[in-house]
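Those sequence lines, one after another, are chains A and B.
The working numbering numbers the first residue of the first sequence as 1 and each following residue consecutively.
The working numbering numbers the first residue of the second sequence as 1 and each following residue consecutively.
Honestly, the hints are just simulated from the structure, not real lab data.
Values in this document were obtained by computation on a predicted structure and should not be read as measured data.
Even glycine gets a Cβ: it sits at the ideal position worked out from N, Cα and C.
Relax, there's no trap hidden among the hints.
Which bits of chain A does chain B cover? Going by a derived footprint, with three or more residues having C-beta under 8 Å, they are:
#	segment
1	2-14
2	46-60
3	64-72
Simulated crosslink set (BS3-like; lysine-lysine; CA at most 25 Å straight-line):
#	chain 1	residue 1	chain 2	residue 2
4	B	Lys-167	B	Lys-132
5	B	Lys-201	B	Lys-167
6	A	Lys-150	A	Lys-173
7	A	Lys-72	B	Lys-96
8	A	Lys-41	B	Lys-197
9	B	Lys-209	B	Lys-167
10	A	Lys-150	A	Lys-135
11	B	Lys-167	B	Lys-197
12	B	Lys-167	A	Lys-41
13	A	Lys-41	B	Lys-201
14	A	Lys-41	B	Lys-209
15	B	Lys-96	B	Lys-132
16	B	Lys-197	B	Lys-209
17	B	Lys-96	A	Lys-74
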Amino acid sequence: MNVTCSDRERIFEDGTPVEWVALEAHAASCPLCGEEVRAWKALSVAAEELRDYSDSPSLWPRIERALAEEAKRKAQRGQRWNWVSRLTRFSPGWQTALAGAFAVVLAISGGWIYIHRPVAPVDNDKSLLRSSALKEVESAETAYERAIDKLAAQARPQLENPATQLLANYHEKLLVLDSAIADLRAQAGLNPSNAQLRYQLLAVYREKQRTLEEVLEARQR
Amino acid sequence: MGTMGLALPWRARISSTPRERGTRVEPSEHFAAGASPAAMEAQSEDAALAAGCRSGDLRAFERLYARHGARMKNLARNVLGNPVDAEDAVQETFLKVQRSIASFRGQSSFVTWTYRILINTCYDARRSRLRKREVANEDSAETPRPEPRAPGAHPSLRMALERALAKLTRHQRDVFLLYEVEGFRHAEIAGMLEMTKTASKNTLFQAKKNLRQMLEPPRSSDAETR
Chain A
1 MNVTCSDRER
11 IFEDGTPVEW
21 VALEAHAASC
31 PLCGEEVRAW
41 KALSVAAEEL
51 RDYSDSPSLW
61 PRIERALAEE
71 AKRKAQRGQR
81 WNWVSRLTRF
91 SPGWQTALAG
101 AFAVVLAISG
111 GWIYIHRPVA
121 PVDNDKSLLR
131 SSALKEVESA
141 ETAYERAIDK
151 LAAQARPQLE
161 NPATQLLANY
171 HEKLLVLDSA
181 IADLRAQAGL
191 NPSNAQLRYQ
201 LLAVYREKQR
211 TLEEVLEARQ
221 R
Chain B
1 MGTMGLALPW
11 RARISSTPRE
21 RGTRVEPSEH
31 FAAGASPAAM
41 EAQSEDAALA
51 AGCRSGDLRA
61 FERLYARHGA
71 RMKNLARNVL
81 GNPVDAEDAV
91 QETFLKVQRS
101 IASFRGQSSF
111 VTWTYRILIN
121 TCYDARRSRL
131 RKREVANEDS
141 AETPRPEPRA
151 PGAHPSLRMA
161 LERALAKLTR
171 HQRDVFLLYE
181 VEGFRHAEIA
191 GMLEMTKTAS
201 KNTLFQAKKN
211 LRQMLEPPRS
221 SDAETR
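Based on the sequences and whatever the hints tell you, model everything.
The structure is reproduced here in structure tokens:
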């Protein structure tokens with residue numbers, strides 16, 4: 001095989017052993033190529049100066065210690081995530097099936113919790129009346145009021161012209177009770193669900209009923 | 001060509017004793033051949049090392065160190081410039097191998113993968129050292145400061161070479177160190193530096209050309225002979 005000076009760099013870069021032999025043969029008779037080949041080889045020889053494989057007795061024990069500590073830490077971390085890593089060992093098919101089963105369990109649990117959710121706390125506050133109860137109270141109240149008005153109509157002649165001091169006192173008491181009834185009705189109008197007001201109103205009506213009954217009894221005597 | 005103050009006469013610096021691997025040529029890259037028994041053995045040893053390290057066996061790491069520790073430390077020292085940083089880099093490399101062995105898929109050899117980690121670790125350490133120097137407002141020259149090591153046959157040559165290497169590009173320096181100093185093949189270097197085999201050969205050629213220019217004394221006869 002014949003090589004020329006122009007082949008030198010190509011052989012330096014990627015020459016085959018045969019090409020190198022041919023280049024060295026050429027270099028023996030070419031001073032320039034001889035110098036170049038020598039210098040090229042000299043770089044490889046010089047590189048040996050950078051090779052120092054002297055032993056470092058403390059290095060491996062140091063590395064070993066660091067590796068052992070790292071392994072210990074890794075094991076501690078691994079324990080925390082062990083169940084996850086177990087899952088990843090299953091085939092994708094099994095992982096999908098497990099995920100599906102988990103979703104079904106989750107859905108059933110969610111449904112059960114929804115169905116058996118705690119009922120809203122019962123309103124034990126008797127002072128508040130619901131709309132249906134309120135209607136009943138109001139209608140009963142109206143009927144009661146009408147009945148008392150009939151009673152008042154029967155007692156009115158005696159009260160307008162009281163023959164005795166007692167009747168005059170009854171008359172004054174009834175005026176006070178009517179005033180109280182008016183006040184309570186006004187308040188109940190603002191807060192119709194307040195049962196306490198309704199009880200007070202009922203008590204005043206009862207008192208008015210008793211007073212009217214006493215007035216009528218007094219007339220009979 | 002200027003010599004940038006590094007030149008010493010070649011003949012004074014380099015041993016005239018012929019050296020067998022003065023110009024290393026890789027026959028396996030030029031001749032198609034089946035895997036040799038030695039290559040098969042190396043491959044199975046590599047697989048055994050990887051399996052041992054993956055299982056967390058400290059003896060596998062010890063075997064890796066016994067086989068490659070000195071070479072790893074030498075490479076790290078040549079990149080970092082001092083043995084202390086080199087030892088730290090080797091230790092860090094072993095830890096990184098241990099941490100990320102699960103991600104090793106065997107696309108390259110285990111040893112190649114380990115050296116890739118080592119090289120990256122060395123450059124991380126270099127960058128970190130440079131940042132520290134900048135913070136400390138010190139000289140931020142990238143040139144590593146070589147520290148004393150076992151005396152060679154040509155200490156002045158070694159120093160000149162170290163300075164010249166520091167002026168090469170990172171890839172040129174890496175390929176030169178891996179090929180010429182550590183004796184890796186281009187196929188292995190390609191795996192370590194994530195480049196093609198051809199690129200590795202070309203980079204080595206450029207590196208040697210540049211080193212020659214930096215180390216070679218001016219030749220008076222240059223113009224005449226050319």
